Amino acid sequence: MNTPVTGPGAPPGEEALALGTGPIPAGPYYRPEYFELEREAIFRRTWLNIGHVCELPEAGSFIVRQLDFASASILITRGKDGVVRAFHNVCTHRGTQLVAEQEGLKSTFTCPYHAWTFSNDGQLRAAPDFERFYVDKAQCSLPAVAVDVCAGLIFVNLDPSPKQGLREFLGPFVEQWETLPVGDATTFSEYIYEIDANWKLTYDNFQENYHLRFIHPRSGGGGAVGPDNPFGYPMDYKFYGEHRTQTIWTNPAPKLSPAQMVAFGKLVPALMQRGLMNHPYGRAYWAVFPNLFMIGTPTQPFVHYVMPISATRSRGVIRIYWVGDDMNASERYGREFSMAMARDVHSEDRVVIEAGQRGLNSGALQHIHLQQQEVLLRHLMYHVDAKIQAYKAEQAGGAA
Amino acid sequence: MSTQSSLLPAGFDALAPFVEYWAADTAAGRARCRDLSDEASRVAFYNAANELVPKALACLDKRPLDQLDESEQRLMRLVLSFAHVAMAVELQREEEPRHARYRPYMRITRAPADL
Chain A
2 MNTPVTGPGA PPGEEALALG TGPIPAGPYY RPEYFELERE AIFRRTWLNI GHVCELPEAG
62 SFIVRQLDFA SASILITRGK DGVVRAFHNV CTHRGTQLVA EQEGLKSTFT CPYHAWTFSN
122 DGQLRAAPDF ERFYVDKAQC SLPAVAVDVC AGLIFVNLDP SPKQGLREFL GPFVEQWETL
182 PVGDATTFSE YIYEIDANWK LTYDNFQENY HLRFIHPRSG GGGAVGPDNP FGYPMDYKFY
242 GEHRTQTIWT NPAPKLSPAQ MVAFGKLVPA LMQRGLMNHP YGRAYWAVFP NLFMIGTPTQ
302 PFVHYVMPIS ATRSRGVIRI YWVGDDMNAS ERYGREFSMA MARDVHSEDR VVIEAGQRGL
362 NSGALQHIHL QQQEVLLRHL MYHVDAKIQA YKAEQAGGAA
Chain B
5 MSTQSSLLPA GFDALAPFVE YWAADTAAGR ARCRDLSDEA SRVAFYNAAN ELVPKALACL
65 DKRPLDQLDE SEQRLMRLVL SFAHVAMAVE LQREEEPRHA RYRPYMRITR APADL
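Residue numbers (our numbering), protein chains in the order written: chain A, 2 to 401; chain B, 5 to 119.
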């Protein structure tokens, strides 16, 4: 059962307190050996969002995504049967990377090395002088990667036999997400950043509001904090296994700049016309283990994930998903403004996160102290470490 | 100035001096214009455009986006650039140069207006 904390800044509930109150170790935020365990215990065996079905609008559409933590390139296709499939982007002859483009429209893919040609369902269709090989074509299909879709969001799992399906993994979020506009999104605004910081340290910044008034006093201060909630703390936190949510506080009197008022005065009517302005999850924040969060805010409905590159380097992808092409100039303006505003905020975050990493890298701190309103950080670290301990036990059992 | 004035629909001549620098084709280009600009040019553009943006949008809303002529497309791009520069002038103000050093790390890779 969830025990929600009621009201911004209220004391933690039972589930939050059960996570403990002591400091957490600093090592997992910079030590390469800990990251190696995370790579195996978490990232190579967990569902990860890497795209949206609007990027695969028709049969033959494909996208390619790099997963640096696994040195993997993933090819995601939509077949003529409409099915979305994922494969390692690697020719099964001698391992050459098959597709160089990042996206496009193709029903077959031909390896640049010896012209092995694969259909977009992964089967080897043709290979020159194949009679001289000692293998059947049926054994040369592209290595499949587990893939599934929820609310339009494409997830992959590098585990050849995932322990859970995507829907089981997402649990109660599935029903909520499937009512959201993101499922009908046809386009998006996107910005990407690379950061010299651990993936958890990066992601954690977006799990707490304690920093808002100090880091975003101008870019985000007008709406995110207010006299009755000077830190902009959320209304509640809830925990769902390794996932978690918060309900974003609504400022009753946000201070908007003149241009913000014009921009949102253009965007909101467009959203209303599309029937997207009012839904039950307009103040929802969902954090999906390990590295994804999504905001339900109709005017800035964004998904943000943080992919690790190394123990102290990561890449963040922020996408604001929109339903329908820009219907007119006003909607186009509102969408561009919404992105520009979010980008200012996230740019400020990036700078201070890197400063945090520079401080941790020396090993000067043994521990990190977390306050009540940083409980989502504690929850993430708790589940990261639980996965690692389980992985270690599994490895020890396998070796025995 | 007559050449510049013909760049934009009637009624928006005051924005003509800003077309060359600010009317970038893409969202990333518009963000770059802001990031590389100095305060004087930001404020000049903001002051000229602030009251005209609602009028420009009302004008542009009269036609589907794919039927805007070249002068209207320029006006659209200027208005979109205003979205970026307004963040600097209204909110970041004297802090803008500090933030502008780091904002290019947030690489805009796609926007509906670019498609």
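No lab work stands behind these hints, which were simulated from the structure alone.
Note that this is a predicted model, so its numbers are computed, not measured.
Where a beta carbon is used, it is the ideal one built from N, C-alpha and C, also for glycine.
Check each hint, because a few of them may be wrong.
Example chain A residues on the side facing chain B (calculated, C-beta under 10 Å, incomplete) [to be verified]:
| hint | residue |
| --- | --- |
| 1 | F189 |
| 2 | R214 |
| 3 | F215 |
| 4 | R219 |
| 5 | N329 |
| 6 | S363 |
A few chain B residues that don't get close to chain A, going by computed Cβ distances all over 10 Å [stated by the list, open to error]:
| hint | residue |
| --- | --- |
| 7 | D17 |
| 8 | P21 |
| 9 | V23 |
| 10 | Y25 |
| 11 | L40 |
| 12 | A60 |
| 13 | D65 |
| 14 | A87 |
| 15 | Q96 |
Evaluated hints:
1. Of the supplied interface hints, the one on F189 of chain A holds, with its beta-carbon coming within about 6 Å of a beta-carbon of chain B, less than 10 Å.
2. For R214 of chain A, the interface hint is violated, since its Cβ never comes within 10 Å of a Cβ in chain B; the closest pair sits about 15 Å apart.
3. Proximity of F215 of chain A to chain B is violated relative to the hint, the smallest CB-CB distance being about 13 Å (cut-off 10 Å).
4. Checking R219 of chain A against chain B by beta carbon gives a least distance of about 5 Å; that is within 10 Å, so the hint holds.
5. Using the Cβ-Cβ criterion of 10 Å, the hint placing N329 of chain A at the interface with chain B is satisfied: the shortest such distance is roughly 5 Å.
6. Hint status for S363 of chain A: violated, given a least beta-carbon distance of 22 Å to chain B, over 10 Å.
7. In this structure D17 of chain B is separated from chain A by more than 10 Å, as the shortest Cβ-Cβ distance comes to about 19 Å.
8. Residue placement check: P21 of chain B keeps its beta carbon more than 10 Å from all beta carbons of chain A (closest about 20 Å).
9. Listed as a non-interface residue, V23 of chain B keeps its Cβ farther than 10 Å from every Cβ of chain A; the least gap is roughly 17 Å.
10. Listed as a non-interface residue, Y25 of chain B keeps its Cβ farther than 10 Å from every Cβ of chain A; the least gap is roughly 17 Å.
11. Remark: the non-interface label on L40 of chain B is consistent with the geometry, its nearest Cβ contact in chain A lying 15 Å away (cut-off 10 Å).
12. A cut-off of 10 Å between C-beta atoms contradicts the statement that A60 of chain B is not in contact with chain A; the least separation is 8 Å.
13. For D65 of chain B, the requirement that its beta carbon stay farther than 10 Å from each beta carbon of chain A is not met, with the minimum near 5 Å.
14. Consistency note on A87 of chain B: stated as away from chain A, yet its beta-carbon is not over 10 Å from all of that chain's, at 4 Å minimum.
15. At roughly 6 Å from the closest C-beta of chain A, the C-beta of Q96 of chain B falls inside 10 Å, breaking its exclusion from the interface.
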